[in-house]
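Trainee: Residues per chain, in single letters:
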Amino acid sequence: MAAAAQPGSPPLSVVLRGSAGRRRREQIIRAIFFGAASLSILVSIFIVLSLIFEAINFLAQIGLDQLVALGWFPRRGLFDLRTLFVGSVITTGIAILVAGPIGLGTAIYLSEYAQPRVRRIVKPILEILAGIPSVVLGFFALTWINPQLVQRLNPGAEGFNLMAAGIGVGVLIIPLIASVSEDAMRAVPRSLREASYGLGARRITTSLRVVFPAAISGITAAFIIGISRGIGETMVLAIAAGGSGGSIFQLNPFEPGQSITAAIAALATGTDQVRGASAAFPSLFFLGLILFFLTLSLNLAGDVFVRRTRQRY
Amino acid sequence: MTTPLEENMIHSTVAPPDPAVEGAAVAAPGRDAPIAVKIHSDGAPKPEVKGTPTPQTDVATVPVVRLRGMSFYYGSFRAVREVTFDVPKNEITALIGPSGSGKSTILRAINRMNDLIPSTRVEGEVLYNGEDLYGDRVDPVEVRRRIGMVFQKPNPFPKSIFDNVAFGPRVHGLKGNLNDLVEQSLRRAALWDEVKDKLKQSGTALSGGQQQRLCIARAIAVEPDVILMDEPASALDPRATLQIEELMHELEERYTIIVVTHNMQQAARASDNTVFLNMGEDRAGYVVEMGPTTQIFTNPKNQLTEDYVSGRFG
Ligand SMILES: Nc1ncnc2c1ncn2[C@@H]1O[C@H](COP(=O)(O)OP(=O)(O)OP(=O)(O)O)[C@@H](O)[C@H]1O
Ligand SMILES: [Mg+2]
Numbered sequence: 001m002a003a004a005a006q007p008g009s010p011p012l013s014v015v016l017r018g019s020a021g022r023r024r025r026e027q028i029i030r031a032i033f034f035g036a037a038s039l040s041i042l043v044s045i046f047i048v049l050s051l052i053f054e055a056i057n058f059l060a061q062i063g064l065d066q067l068v069a070l071g072w073f074p075r076r077g078l079f080d081l082r083t084l085f086v087g088s089v090i091t092t093g094i095a096i097l098v099a100g101p102i103g104l105g106t107a108i109y110l111s112e113y114a115q116p117r118v119r120r121i122v123k124p125i126l127e128i129l130a131g132i133p134s135v136v137l138g139f140f141a142l143t144w145i146n147p148q149l150v151q152r153l154n155p156g157a158e159g160f161n162l163m164a165a166g167i168g169v170g171v172l173i174i175p176l177i178a179s180v181s182e183d184a185m186r187a188v189p190r191s192l193r194e195a196s197y198g199l200g201a202r203r204i205t206t207s208l209r210v211v212f213p214a215a216i217s218g219i220t221a222a223f224i225i226g227i228s229r230g231i232g233e234t235m236v237l238a239i240a241a242g243g244s245g246g247s248i249f250q251l252n253p254f255e256p257g258q259s260i261t262a263a264i265a266a267l268a269t270g271t272d273q274v275r276g277a278s279a280a281f282p283s284l285f286f287l288g289l290i291l292f293f294l295t296l297s298l299n300l301a302g303d304v305f306v307r308r309t310r311q312r313y
Numbered sequence: 314m315t316t317p318l319e320e321n322m323i324h325s326t327v328a329p330p331d332p333a334v335e336g337a338a339v340a341a342p343g344r345d346a347p348i349a350v351k352i353h354s355d356g357a358p359k360p361e362v363k364g365t366p367t368p369q370t371d372v373a374t375v376p377v378v379r380l381r382g383m384s385f386y387y388g389s390f391r392a393v394r395e396v397t398f399d400v401p402k403n404e405i406t407a408l409i410g411p412s413g414s415g416k417s418t419i420l421r422a423i424n425r426m427n428d429l430i431p432s433t434r435v436e437g438e439v440l441y442n443g444e445d446l447y448g449d450r451v452d453p454v455e456v457r458r459r460i461g462m463v464f465q466k467p468n469p470f471p472k473s474i475f476d477n478v479a480f481g482p483r484v485h486g487l488k489g490n491l492n493d494l495v496e497q498s499l500r501r502a503a504l505w506d507e508v509k510d511k512l513k514q515s516g517t518a519l520s521g522g523q524q525q526r527l528c529i530a531r532a533i534a535v536e537p538d539v540i541l542m543d544e545p546a547s548a549l550d551p552r553a554t555l556q557i558e559e560l561m562h563e564l565e566e567r568y569t570i571i572v573v574t575h576n577m578q579q580a581a582r583a584s585d586n587t588v589f590l591n592m593g594e595d596r597a598g599y600v601v602e603m604g605p606t607t608q609i610f611t612n613p614k615n616q617l618t619e620d621y622v623s624g625r626f627g
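Same order as they appear, the protein sequences are chains A and B.
When you line the first sequence up against our numbering, it's residues 1 to 313, in that order.
When you line the second sequence up against our numbering, it's residues 314 to 627, in that order.
Worth flagging that the hints you see were computed from the coordinates, not collected in a lab.
Accuracy of the hints is not assured; some may be wrong.
Stated by the list, open to error - With the Cβ distance kept under 10 Å, some of the chain B side facing chain A (calculated, not the full set):
1. Y386
2. V451
3. P453
4. R457
5. R458
6. G461
7. Q465
8. K466
9. A553
Said to hold, decoys possible - To spell it out: a stretch of chain B is covered by chain A in this simulated footprint if at least three of its residues, at any positions, have a beta carbon under 8 Å from a beta carbon of chain A; those stretches are:
10. 426 to 432
11. 473 to 486
12. 529 to 540
Said to hold, decoys possible - If you anchor each label on the Cβ, the simulated ranges turn out as follows:
13. A:R120 with B:T611: 50 to 60 Å
14. B:Y387 with A:P189: 46 to 56 Å
15. A:P189 with B:E438: 40 to 50 Å
16. A:P189 with B:K488: 41 to 51 Å
17. B:D595 with A:P124: 31 to 41 Å
18. B:E594 with A:R30: 19 to 29 Å
19. A:Y109 with B:D445: 23 to 33 Å
20. A:L208 with B:K488: 17 to 27 Å
21. B:E566 with A:P189: 26 to 36 Å
22. B:E438 with A:R203: 20 to 30 Å
23. A:R30 with B:Y387: 49 to 59 Å
24. A:P116 with B:S547: 23 to 33 Å
For each residue, glycine too, the CB sits at the ideal point set by N, CA and C.
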């Protein structure tokens, strides 16, 4: 509309001011979005603060020496942190040992070997795997992975054990590692592959000596995210690792154990019937805080590597 | 100090031609006469003027690569139609022609680089020293080791300068002193003096022209016989372009070079022979004319060629 050009219309300086109503609407919309953004930040801050507050509360109730004990039995005032820490580390370690090679192999296959047609079939299958609820995998770990795999290889393994749970978590994070690594490898420019093939390198050499190193940041990120996911995983461990009432400190993966997450689940769902009793309840927040910082630092590290990959090309 | 093994490796390209190859060339006299005929024995000074016609009595240069009625298909699309030409040994052959005329396709067919693109197909023959490169028992990996490639955009690996050059020799498990080989390759690529103090630095940190020379050094390090270059200077400034051209002249003593270029002056300056391609009505590229570069540029037989080299089309 060339309104300014018509005779009798307001001068240009007035037209350019625009409508006051629209400006006000813009401001309101802006305020709404700002509110939404602030709310999510506030909620996060609130959660972290309450975790910190309750954790301090917990530490004040018990002596620091109680953090090392025979095992993790909050009902009995035994708060051995090592038990949970070891439980988380062992299961996550097993999970990475399972998911690392399989996920990377899948990524290399999809990115370097598979015909487009095959990729179109395999990728959705991976996504289905990623969509399996972890409670189902926990159950699967308990009823299939343990008797069919773990106890076959080691008849001495318990009915609940860290190994079966760790493998279950591994299955859970295969798609994650595979797809993040594959993205990283496919982001490696074709020109680098051609340079390698042009020098007479074979496909496996090109994959391992050119594509893999060029994608190393993204692959590292995949592993960090995988570890973070493994440490945060709860259901599989709560179901298959055993030790729902507590666990003795021990390092054998074929014995039952408890992870940080499973301990929180056991406390929070009341399996332990401890609500209000002694220091058991606040220990929940203490564990939550530890878990929060663990996964936060892993995610930050993962972020750094993801960003580094992006910068390179 | 070089061991006999290194000695062998370093000088393999200037060794007397394989008798079998000689035989192949002699066995088909006249039929597929090389496009350029001139004196060219190792050690003899190069003629001052490129592509000067020389008497027929001279020893014919041996064609290293010969295309015989080669057609190339991307799926059902024929991108190149029945291309036939010879590439004489230790000379520079330029492929020129308008965009889409199949220059890159032909180049990449010569070291089977196009195998990496799904559903591509070759008809006719691509012969390397008399062997059909698309024969049943030919391993493309072996082909690419002998027929190296330099790409349009410099593509050094994100590794150190040293590791870039050493990549090929390492992959092929070449014995001998890697340091010497890297130095020698960088020297031949006219890059040594600029990088000798920073071999550990990343190859991607070099300037464009340096990167391209690094890529040439990397290609040389596997001791290829033929080097394919697809518009090696198109991403470079005029000075770096001249450096690359100069380098090509130095390299032709040891290697046979096939270069694709869009730059007419470059083709005229830097090549011994020129193959002019055009795109037909079916969008397939075909050879319009080929011959010594001087003839193609000063006395073309075909009107299309004349129009193209004089910049009136394309
Ligand atoms: N990967 C591919 N898949 C399908 N068609 C292709 C592919 N690469 C090239 N072509 C087609 O083949 C024909 C020849 O392409 P080519 O790249 O060989 O031409 P060119 O002479 O090198 O052109 P330019 O001078 O632009 O580099 C073109 O029609 C092009 O569209
Ligand atoms: Mg091209």
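Trainee: Provide an ascending list of the numbers of those earlier hints which the structure does not satisfy.
Mentor: 1, 2, 9, 14, 15, 16, 18
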